[in-house]
Each structure stands twice: as structure tokens, then as C-alpha cells.
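According to full-length UniProt numbering, the sequence shown holds residues 1 to 397 in order.
Simulated from the structure, these hints should not be mistaken for lab results.
Glycine residues also receive a C-beta, built at the ideal position from the N, C-alpha and C atoms.
Careful, some of the hints might be misleading.
[Unchecked claim] Using C-beta positions, here's what the derived DEER-type ranges look like:
hint	residue 1	residue 2	range
1	Asn90	Asp206	37 to 43 Å
2	Gly165	His283	43 to 49 Å
3	Glu149	Glu239	18 to 24 Å
4	Gly274	Lys195	39 to 45 Å
5	Ala158	Ala262	36 to 42 Å
6	Leu197	Ser112	50 to 56 Å
7	His160	Thr264	38 to 44 Å
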Amino acid sequence: MRAPCSALKKMAGFPGLFPASVLPALLLWVSMWGSPVSGFSVMGPAQPIEVPLGADATLPCQLSPEQSAAHMQIRWYRTQLSPAVLVYQNGQEQDGEQMLEYRGRTELAEDSIRRGAVALLIQHVRASDDGQYWCHFNDGHISQEAVVELHVIGLGSAPHVRMMGPEDNGIQVLCSSEGWFPKPRVQWSDMAGGKLLSLSESQSQDGDGLFHVEASLVVKDSSLGNVTCSIQNPVSGQEKASAIFLPEPFFPRTSPWKTALAGTLPVLVLLLIGISYTGWRQHKAKNREVKEKEKASQERAKVAKEKEEAHSAKRKLEEDLEQRKALYNKDWKKALIYPALPLWRRERWNSEKYILYSEKYINYDFTYFTYLKLSKIQYRGRRFMYEKVEKQFFKIS
Numbered sequence: 001m002r003a004p005c006s007a008l009k010k011m012a013g014f015p016g017l018f019p020a021s022v023l024p025a026l027l028l029w030v031s032m033w034g035s036p037v038s039g040f041s042v043m044g045p046a047q048p049i050e051v052p053l054g055a056d057a058t059l060p061c062q063l064s065p066e067q068s069a070a071h072m073q074i075r076w077y078r079t080q081l082s083p084a085v086l087v088y089q090n091g092q093e094q095d096g097e098q099m100l101e102y103r104g105r106t107e108l109a110e111d112s113i114r115r116g117a118v119a120l121l122i123q124h125v126r127a128s129d130d131g132q133y134w135c136h137f138n139d140g141h142i143s144q145e146a147v148v149e150l151h152v153i154g155l156g157s158a159p160h161v162r163m164m165g166p167e168d169n170g171i172q173v174l175c176s177s178e179g180w181f182p183k184p185r186v187q188w189s190d191m192a193g194g195k196l197l198s199l200s201e202s203q204s205q206d207g208d209g210l211f212h213v214e215a216s217l218v219v220k221d222s223s224l225g226n227v228t229c230s231i232q233n234p235v236s237g238q239e240k241a242s243a244i245f246l247p248e249p250f251f252p253r254t255s256p257w258k259t260a261l262a263g264t265l266p267v268l269v270l271l272l273i274g275i276s277y278t279g280w281r282q283h284k285a286k287n288r289e290v291k292e293k294e295k296a297s298q299e300r301a302k303v304a305k306e307k308e309e310a311h312s313a314k315r316k317l318e319e320d321l322e323q324r325k326a327l328y329n330k331d332w333k334k335a336l337i338y339p340a341l342p343l344w345r346r347e348r349w350n351s352e353k354y355i356l357y358s359e360k361y362i363n364y365d366f367t368y369f370t371y372l373k374l375s376k377i378q379y380r381g382r383r384f385m386y387e388k389v390e391k392q393f394f395k396i397s
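Please take these sequences and the hints and turn them into a complete structure.
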């Protein structure tokens, strides 16, 4: 602030630059520009705050530049401004907007509030307290905030390791522990520190959010002796471990015939698969051949049936044609007989009002013949149509 004031004093030595009435206003502006209450920022710790489960946590927060925050509204919150973890206004804490889970467990360090330091104290931290906290300052129209990260560290019980019995030509070992936060890491190892792969692993949370973990291992090498189960907190790196001794007599003994069977069984399985596949291929080819023969037989039967139907239709047409031909010849012969009748017979027909349209004489070498007594004869070319047919027989004189 000394540089702007000295510069103005130098300018005051030149009366031509500024009028005397302007200098007081400039001095007032400079004093306001250098005032610490004209603007501020909020600073929090750069690293997360790590607190053991059940201990008290202190989350620091500081105004910059250093100034009193007693007249400001101070609000500590998680994900939203209201309800908040703690609200400080008008020189005291406000319980109306406080979250239920923090009532009776939080307070503001007021002894340093006039220096702009407003630390939040949380008593008996829980697993649910883990996460981010926002420190919010409001001074009229100006508000600033900073974030503080809280890591709750829960170290569970020492691992409990026990043998479960024979399993897959080895011994199954189970490791269990509870009371961890956050989710822990489990690692099996041998006496030399070599890592062993777990057979299975399960983790669950209780009502307080703490983790219970179980991991199993199958040990097939009887020469290992000891195996160790280590459970580690991923945040702090702290771990707890327990070991168990596995006596060699506890391991199941392998019979020679089992070893031989283990070597020959895969070969037998492959051979059986090959035989089954070959048989399946042959069966499939045989079925395909049978189906092709059945299909060819059906096609031949179909063709034979079609031929038989065609021959039957042809025979039927020929018979029908022969019948029509016989009827036509019969009718034609009958029609040709009438003109050959004697004259006395024609007169009789005339008296009976029969009409003849042709008098052509035709010789027939038979004694008896059949003629048609008609009520009507119509001649159309060489064909006749008849109605009211009667049959009579007589002898030619």
C-alpha cells in the first residue's frame, strides 16, 4: 500500500496534474482498495484429513487475507447448502438447518474466528462421515468456499484363519475379519512371502457401513508349512495378518492308480469323443441316403400315378367317343330307312299327319327292320332330330 500513496504524494507536488478537489477522493479510493474487508478467498488443506474410526476430526478452513469472520455467515455442508453440517450466524450456531446425524457431534472453533480460522470439529467420526465437506463464507453480497476431504480409517479385527478340511487334493483354509473401512484388500502368502491366489472372496457391510470379509484358499503343496492371511486398509496402508501351520499328515494322500488315471483319462476322453463323432457322421450320412431313396421312390410313385391317371382319362375319352360314334351311326341308319318305306306306308303316315322331308329309296337286305314313328321330323343337312319316339316292327312285303 505504500507504493500508491507515495506516488500520489509525488503527483501532489505537481499542481498542474490534479486539482486540489480531486486529491481527497483519490486518497479515499486508494484506502478502500487496500482494505482487507473489500474481498477475500477461502483456503482449505491441500491433503485429505485422515482420522481413525471413532476418533474426533478437525477440518481446518482459513480466510485469506486474514480477517475477522465473526460478522459473516459460516456454513459447513456436504452435498447441498441446506440442511448443513453446521451453520454459524449472528455470533452463534444455528440448529434449525443442521442435519440430524450431526446434532450434538459438531462445533465450531470460535477462539480463532476473529483471525478468519473456522475449524469444524466432529466428534466420534463414523463411516458415514467419510467424504467431502464444503466451508462456505458469506459476507453480504460476497461469498466464497473451499472443499475439505475427510478420510475415515477403520482397522478391523485380526484375521481369524482356520482349516476347513480336504478339498481338491489339498486342504481348504478360510480367513475372516470384520470392522474394516473402507473396503479392505486380502492377500494370501507363503513362508517365503510368495503370493497365493484366493479360491474365493466375499465382502459385506453391516448397519454401520463397516466391512466384513471372508477369503478361502486351497493349499495342495504339503511342503509350504505355514500360510499367512493379510488384510490391508487401502487408505492408510495399515494391515493385520495371521498365519496357520498346515501339518503334512493332514494332506490327502494320492494313490498311484489315481495318478495313472489322471494321465490316461484325458486320452480316453479324447478317444471317446473321436469315436462318437465318427459314429455320428456315419449315422448322419446313412440317414441322408435313406431320405434320398425315399424321396426318389415317392417321385417314381408320383410319376406312375400321373401316367395311370392319364391312361385312365384317355380310355374314358375313347369309350365316350365310341359310344357317341355308335349312337351317331345308329341314328343315321334309322334316318336313312324312312325314305325306303312303301307308298302305302307313307299314305298311312300322311293320314296320321306324319311329315317326311326326303323320299330317297334305299335297299336293305333284311326282312324285319325297326322304324321310328315320329310326331316331328326335321331335316338339317344329313342329321335328324327326333321327338316322341315309338318302336314298331313289320315285315317287308
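Exercise. Can you give the numbers of the hints that this structure goes against, from lowest to highest?
Worked result: The structure conflicts with no hint, since it agrees with every one listed earlier.
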